[in-house]
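Got chain A sorted already, so can you dock chain R with the ligands onto it with the hints?
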Amino acid sequence: MSLARKRILIAKPGLDGHDVGAKVIALALRDAGADVIYTGLRRTPDYIVRIAVEEDVDMLGLSILSGSHKELVEDVIAKLREADAGDIKVFVGGTIPVEDHEALLKAGVCGVFTSEMKIDSVIGAIDRELAEG
Amino acid sequence: MTDPFPRRAIARELSRVVNAPVGDVLAEIGDASTASARRIGITGPPGGGKSTLISALAAHRLEKNRDRTVAVLAIDPTSPLSGGSILGDRIRMDAIADLPRLFIRSVPSRGARNGLCDNVVDLMTTLERHRFEEILLETVGIGQAEIDVRELVDTVVLVVPPDAGDSVQAMKAGIIEIADIFVVTKSENPAARQMAAEIRGIVGARKSASPPAVVMTAANGSGIAELSDAIDAHHHARDNGDTAERRRHYHLKALIGREIDAVLSGNGEMARGDLRSSYNRLLQHLRRY
Ligand SMILES: Nc1nc2c(ncn2[C@@H]2O[C@H](COP(=O)(O)OP(=O)(O)O)[C@@H](O)[C@H]2O)c(=O)[nH]1
Ligand SMILES: [Mg+2]
Numbered sequence: 001m002s003l004a005r006k007r008i009l010i011a012k013p014g015l016d017g018h019d020v021g022a023k024v025i026a027l028a029l030r031d032a033g034a035d036v037i038y039t040g041l042r043r044t045p046d047y048i049v050r051i052a053v054e055e056d057v058d059m060l061g062l063s064i065l066s067g068s069h070k071e072l073v074e075d076v077i078a079k080l081r082e083a084d085a086g087d088i089k090v091f092v093g094g095t096i097p098v099e100d101h102e103a104l105l106k107a108g109v110c111g112v113f114t115s116e117m118k119i120d121s122v123i124g125a126i127d128r129e130l131a132e133g
Numbered sequence: 134m135t136d137p138f139p140r141r142a143i144a145r146e147l148s149r150v151v152n153a154p155v156g157d158v159l160a161e162i163g164d165a166s167t168a169s170a171r172r173i174g175i176t177g178p179p180g181g182g183k184s185t186l187i188s189a190l191a192a193h194r195l196e197k198n199r200d201r202t203v204a205v206l207a208i209d210p211t212s213p214l215s216g217g218s219i220l221g222d223r224i225r226m227d228a229i230a231d232l233p234r235l236f237i238r239s240v241p242s243r244g245a246r247n248g249l250c251d252n253v254v255d256l257m258t259t260l261e262r263h264r265f266e267e268i269l270l271e272t273v274g275i276g277q278a279e280i281d282v283r284e285l286v287d288t289v290v291l292v293v294p295p296d297a298g299d300s301v302q303a304m305k306a307g308i309i310e311i312a313d314i315f316v317v318t319k320s321e322n323p324a325a326r327q328m329a330a331e332i333r334g335i336v337g338a339r340k341s342a343s344p345p346a347v348v349m350t351a352a353n354g355s356g357i358a359e360l361s362d363a364i365d366a367h368h369h370a371r372d373n374g375d376t377a378e379r380r381r382h383y384h385l386k387a388l389i390g391r392e393i394d395a396v397l398s399g400n401g402e403m404a405r406g407d408l409r410s411s412y413n414r415l416l417q418h419l420r421r422y
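Heads up: the protein sequence lines correspond to chains A and R, in order. Per this note's numbering, the very first residue in the first sequence carries number 1; after that it's consecutive. Per this note's numbering, the very first residue in the second sequence carries number 134; after that it's consecutive.
Chain A extracted, bound-state conformation:
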């Protein structure tokens, strides 16, 4: 399994107060063999980036339900680059309207996973993305 020995950070930036989705993803990734770090609710981009750097994760998943996904994603990606960690792949999950997906992909995320998606296909997509290296 290609998720073995992969380190993945699941983070919740912004102000929304639900992390059921983030926890479901975290557990599914663990069950697929990954080492998963979870931040807890309401983290700032600075905080998330520092953890991503310290933990040297292969991938960072941002779970956002608050609607401010564009700003948060751009901020996190810019700060990753500043920290010389622009190679860490970023995906976004949560309630993200379809019309915003394109812009997020342009901003540099490798995938957008909405709450309607089946968990298996999310894990499969993450797996393929990490296998590409």
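By construction, these hints were calculated from the structure, which means they are not laboratory data. We treat Cβ as the ideally placed atom computed from N, Cα and C, and that holds for glycine.
Pairwise CB distance ranges, derived in the manner of DEER restraints: (1) R:R405 - A:E82: 50 to 60 Å; (2) R:S212 - A:R81: 27 to 37 Å; (3) R:G334 - A:G124: 53 to 63 Å.
SDA-like cross-link-like pairs, simulated, lysine to any residue; straight-line CA separation at most 25 Å: (4) A:K79 - R:I224; (5) A:K23 - R:S212; (6) A:K118 - R:L214; (7) A:K79 - R:I229; (8) A:K79 - R:R140; (9) A:K23 - R:P213; (10) A:K79 - R:G221; (11) A:K23 - R:A230; (12) A:K79 - R:P139; (13) A:K79 - R:P137; (14) A:K79 - R:A228; (15) A:K23 - R:S215; (16) A:K23 - R:D231; (17) A:K23 - R:P178; (18) A:K23 - R:R225.
Chain R with the ligands in isolation, oriented as in the chain A frame:
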């Protein structure tokens, strides 16, 4: 924020070391001098309050000595079913996660069954190469299997939550031998004082120089200064003369152990036949390496 150490580079080095076969580890840290950090082990049952305690302790020690650099290695168990893990210790270390002179790393236990992870000693050496002055090591569990931590650190702090009846049993069974300091956590629980008294009773009867039992509450920080002072007192009182040698022995044994694991799991023939010829075959194989 300007970092007092190359955070990104250290993080990557730790990843290389944790995944590398022994030969590569030696290439990475093989020239490690005797630079040595103060190593403090925090062990105890799951949910006992170890991560919460480390957060308060690191904050206190960084505050008290502002030139100090501190690294935290927090080991969490790997699921034997999937080989994956949830590394959850960091959530409890929120309050300190942005301190500049601090570095926190979460580590999965992988195959190790002793509450540690196979190459934790390589990780510590890597941190020491970057001149961290203190390393706080969080390990999982309580029982005979964790006695290894004794070999790895200067001071062992055993965390005991007030409701841990099985910890008391374990202490009676001998785990007290490994603890230098006891901490009863969650002391707003009325059972905490009694637990501390019970520990003092067990320990006092067993050891000549009784290790201290500190009672602490994470919520208001009470007990943290006392614990920090007890750690310093233990460090100054112990005989540090053979530390470097003992650590080197442990490190060599750990490296050889991994080499043996690699040979045995990669070659089914190795363990065939009678014991003596398997042993000789294994030795020969290791020599060739
Ligand atoms: N009431 C109370 N709860 C605590 C205290 N210290 C830790 N906890 C809680 O105990 C639980 C486990 O703590 P944690 O530090 O993760 O334990 P660990 O598994 O030993 O690392 C968490 O919910 C903490 O908030 C304390 O002093 N008082
Ligand atoms: Mg913990």
